[in-house]
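Top to bottom, those sequences are chains A and B.
Sequential numbering of the first sequence, starting at 1, is according to the working numbering.
Sequential numbering of the second sequence, starting at 1, is according to the working numbering.
It is possible that some hints are incorrect.
Stated by the list, open to error - Here are the simulated DSS-like cross-link-like pairs (lysine-lysine), alpha carbons at most 27 Å apart as the crow flies: (1) K161(A) / K259(B); (2) K379(A) / K339(A); (3) K258(A) / K123(B); (4) K437(A) / K447(A); (5) K123(B) / K440(A); (6) K240(B) / K161(A); (7) K421(A) / K460(A); (8) K150(A) / K123(B); (9) K9(B) / K100(B); (10) K259(B) / K266(A); (11) K258(A) / K257(B); (12) K100(B) / K258(A); (13) K123(B) / K447(A).
As the list claims (entries may be wrong) - Computed list of chain A residues with no C-beta within reach of chain B, every gap over 12 Å: (14) E281; (15) D326; (16) N357; (17) S373.
In short, the hints are calculated from the structure, not lab data.
Even for Gly, the Cβ is constructed at its ideal location relative to N, Cα and C.
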Amino acid sequence: MAKSKNTLKLKFDSARNLDPAPESAAIAKIADRYELFINGKFEKPSSKKYFDTINPATEEKLSSIALANKADVDKAVVAARNAYDKVWKKLPAKERAKYIFRISRIIQEKARELAVIETLDGGKPIKESRDFDIPAAANHFFYNAGWADKLEYAFPNRNPKPLGVAGQIIPWNFPLLMAAWKIAPALATGNTVVLKPAENTSLTALKLAEIFQEADLPPGVVNIITGAGNTGAELVNHPGINKIAFTGSTEVGKIIQKSIAGTNKKATLELGGKAANIIFEDAPIDQAVEGIINGIFFNQGHVCCAGSRLFVQESVYKLVLQKLKDRIETLIVGNPMDKNTDIGAINSKQQLDVINNYLKIGQQEGSEIFQSSCALPKKGFYCKPTIFTNVAQSHRIAQEEIFGPVLAIQTFRTIDEAIEKANNTAFGLSAGVWTDKGSKIFNMTSKLRAGVIWANTYNKFDPTSPFGGYKESGFGREGGLHGLGGYVEV
Amino acid sequence: MSTRINVLKTYKIYINGQFPRTESGRTYEIKNPKGEVAANVCLSSRKDFRDAEVAARTAFGGWSTRAAFNRGQILYRIAEMLEGRKLQFVEELMLHGSKKLQAENEVELAIDRLIYYSGWCDKYQQIFSSVNPVASSHFNFSALEPMGVVSIIAPQQNALIGLVSLMAPVIAGGNTCVILASETKPLSAVTFAEVLNSSDLPGGVVNILTGKVSELLPHFSNHMDVNAVCFAEDNANDIKLIQENAALNVKRTAFYKNKNWMSEEAQSPYFINDFQEVKTTWHPIENIGGSKSGY
Numbered sequence: 001m002a003k004s005k006n007t008l009k010l011k012f013d014s015a016r017n018l019d020p021a022p023e024s025a026a027i028a029k030i031a032d033r034y035e036l037f038i039n040g041k042f043e044k045p046s047s048k049k050y051f052d053t054i055n056p057a058t059e060e061k062l063s064s065i066a067l068a069n070k071a072d073v074d075k076a077v078v079a080a081r082n083a084y085d086k087v088w089k090k091l092p093a094k095e096r097a098k099y100i101f102r103i104s105r106i107i108q109e110k111a112r113e114l115a116v117i118e119t120l121d122g123g124k125p126i127k128e129s130r131d132f133d134i135p136a137a138a139n140h141f142f143y144n145a146g147w148a149d150k151l152e153y154a155f156p157n158r159n160p161k162p163l164g165v166a167g168q169i170i171p172w173n174f175p176l177l178m179a180a181w182k183i184a185p186a187l188a189t190g191n192t193v194v195l196k197p198a199e200n201t202s203l204t205a206l207k208l209a210e211i212f213q214e215a216d217l218p219p220g221v222v223n224i225i226t227g228a229g230n231t232g233a234e235l236v237n238h239p240g241i242n243k244i245a246f247t248g249s250t251e252v253g254k255i256i257q258k259s260i261a262g263t264n265k266k267a268t269l270e271l272g273g274k275a276a277n278i279i280f281e282d283a284p285i286d287q288a289v290e291g292i293i294n295g296i297f298f299n300q301g302h303v304c305c306a307g308s309r310l311f312v313q314e315s316v317y318k319l320v321l322q323k324l325k326d327r328i329e330t331l332i333v334g335n336p337m338d339k340n341t342d343i344g345a346i347n348s349k350q351q352l353d354v355i356n357n358y359l360k361i362g363q364q365e366g367s368e369i370f371q372s373s374c375a376l377p378k379k380g381f382y383c384k385p386t387i388f389t390n391v392a393q394s395h396r397i398a399q400e401e402i403f404g405p406v407l408a409i410q411t412f413r414t415i416d417e418a419i420e421k422a423n424n425t426a427f428g429l430s431a432g433v434w435t436d437k438g439s440k441i442f443n444m445t446s447k448l449r450a451g452v453i454w455a456n457t458y459n460k461f462d463p464t465s466p467f468g469g470y471k472e473s474g475f476g477r478e479g480g481l482h483g484l485g486g487y488v489e490v
Numbered sequence: 001m002s003t004r005i006n007v008l009k010t011y012k013i014y015i016n017g018q019f020p021r022t023e024s025g026r027t028y029e030i031k032n033p034k035g036e037v038a039a040n041v042c043l044s045s046r047k048d049f050r051d052a053e054v055a056a057r058t059a060f061g062g063w064s065t066r067a068a069f070n071r072g073q074i075l076y077r078i079a080e081m082l083e084g085r086k087l088q089f090v091e092e093l094m095l096h097g098s099k100k101l102q103a104e105n106e107v108e109l110a111i112d113r114l115i116y117y118s119g120w121c122d123k124y125q126q127i128f129s130s131v132n133p134v135a136s137s138h139f140n141f142s143a144l145e146p147m148g149v150v151s152i153i154a155p156q157q158n159a160l161i162g163l164v165s166l167m168a169p170v171i172a173g174g175n176t177c178v179i180l181a182s183e184t185k186p187l188s189a190v191t192f193a194e195v196l197n198s199s200d201l202p203g204g205v206v207n208i209l210t211g212k213v214s215e216l217l218p219h220f221s222n223h224m225d226v227n228a229v230c231f232a233e234d235n236a237n238d239i240k241l242i243q244e245n246a247a248l249n250v251k252r253t254a255f256y257k258n259k260n261w262m263s264e265e266a267q268s269p270y271f272i273n274d275f276q277e278v279k280t281t282w283h284p285i286e287n288i289g290g291s292k293s294g295y
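Isolated chain A (complex conformation):
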């Protein structure tokens, strides 16, 4: 059995003392004020109100964003309906596809600017927005564009028809990517869209609106209305929409599911998670440790499928824990615009408060806290990467979604115990399994009740790969062939 004293001690100070490597913000053209994107034009809100969007890394104001009220939502839905009836429905599928291809290409052309804005507005490390969010968003449009004229192959023995107008509400953790996940399949299947981005992170969605104009997308095919929860509620409850696609918390998802009861609106819900990441003694331990780190600290842990519950087999617990602590010490926390930064800013003050509250709860419940010894910037919203040990199944930090860089570690002895503990949650979005034994992987992956299972890897995404949850993590899939199903009548 491996012993922890064999661990090679890493020199932490050298990793911390890298010279600054900041990405330039000069490429980002951010207007002082953004209006609502309705019927192909930017329009002033009838609310006459605007709200600030700030950079969570510096707390500086970036821009003012229009607040859409009921009348604005109505205008957007009417525009989407008109575009559906008069233009989009009648357009041959292969021509529809060309617009979506165009959008993908322009996103690629403007990738650098979009990445910088995404990081400024949301606080995520530039290396993530540059290497993941923006390319993945472009790829989602490209992938779905190709489906537009091939839908009859996706639904054997059926003639799939679009639903009409889709109302889409997206979260603040992957702003442009979530917009792509929602808009691309909706357009490819022939629907029109009213999209509401999260109020903290509207900028890249509004840049996307400019891209729609540049791509000459017919007016009204996609409308983007900005605002907070009230705007979202107006959209959900608008009688003119045929479909709601929502990504966000389970709490809000349930409210949406209830509020569309008795209507003919269809829904796709991609909700919260509390994923188990399970490490067996025969796992490739170093790779597993990287997988644990990536699983919980990717995007500051603002990930619905984050591997926030770690289950380690008892025989390797000490070793894994030591390696984890060592690795956490090497993580670079700070300025998201620095290309070396691993963990950027928490998306908002509000979310930082939520996370800090869970840090308190975890300790009150009797768990042991370990945090990186790194220093945090004076301004902005930051949280040290954190792990909890001595965690019980009943603890709130093991049951509730924290949505931050906080890992709850538990141990197990047998496979059955691992499965039982992993499945003992109301959620079922994702899970991770680490072992070098193939038959054990398939045993685990078939028994874990979750929609996405990563074996010997974690937090991988692809436009061809369906994503979505079991149980209270929502229903419907996004991505791949299965992602088309939420936007058609068969």
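Based on the hints, put chain B in the right spot on chain A.
For chain B alone, coordinates are given in the frame of chain A:
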């Protein structure tokens, strides 16, 4: 003429492979077309539903991991048993007001539909699954898994074919279920439970209750350990109630508003797919594209 007195049947409910009476001790009368009492049927309670749900949850692990081929054989066995008891079902449907020819058609179609879904048990997976060509060096596939426990409110009309049409795709896909039989025409449902019970179907996979829709619908839809609800009437209030209750634990719902269960369109693998989850699995591939050996 014989003076033999007929033995009358007690119509009980079906939970966990057994035929208990309702724990509530209540019954309601079912009358034949002449207005005579044909049977006293159990008026099931919330507690009966909860017992049935526990039975269904307990049976789910075993049923969902049965070989698909084996599930197909069991569905076929149900059809065989039904074929052998055709006459009894025809009589019961006639007690509920069907004409003889109608009743015969319905029973025969029910048998054929079971065989239809028997065949699908080990085939729908290949129709709806996929291997996904991801850009990174991973092997990635999406396969179907059953949702879990499904509560089914059987159609009021066409009591036998309606029940079979909803039940068969649900269990063919590896789910377990609790079914509320047609309130006004429950007799064939209870007799069908006897068919199930002699078909190698494990106890608890299908549980059948009789009683009032208005009383049981809230429980069928608000139970926190039910994964999906299936409803086939076109009643806006009932649908709204189910949808609202479903939101308590993000239940999946399927509505088949007044579908003609005697028609060909009332059977397809899409009915199975309605009660399936899609699970996507990733695994790295070592050195993809970089290897010099192989081709």
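Open item on the list: Going through the numbered hints above, which ones does this structure break? Give me the numbers in ascending order.
Closed with: 3, 12
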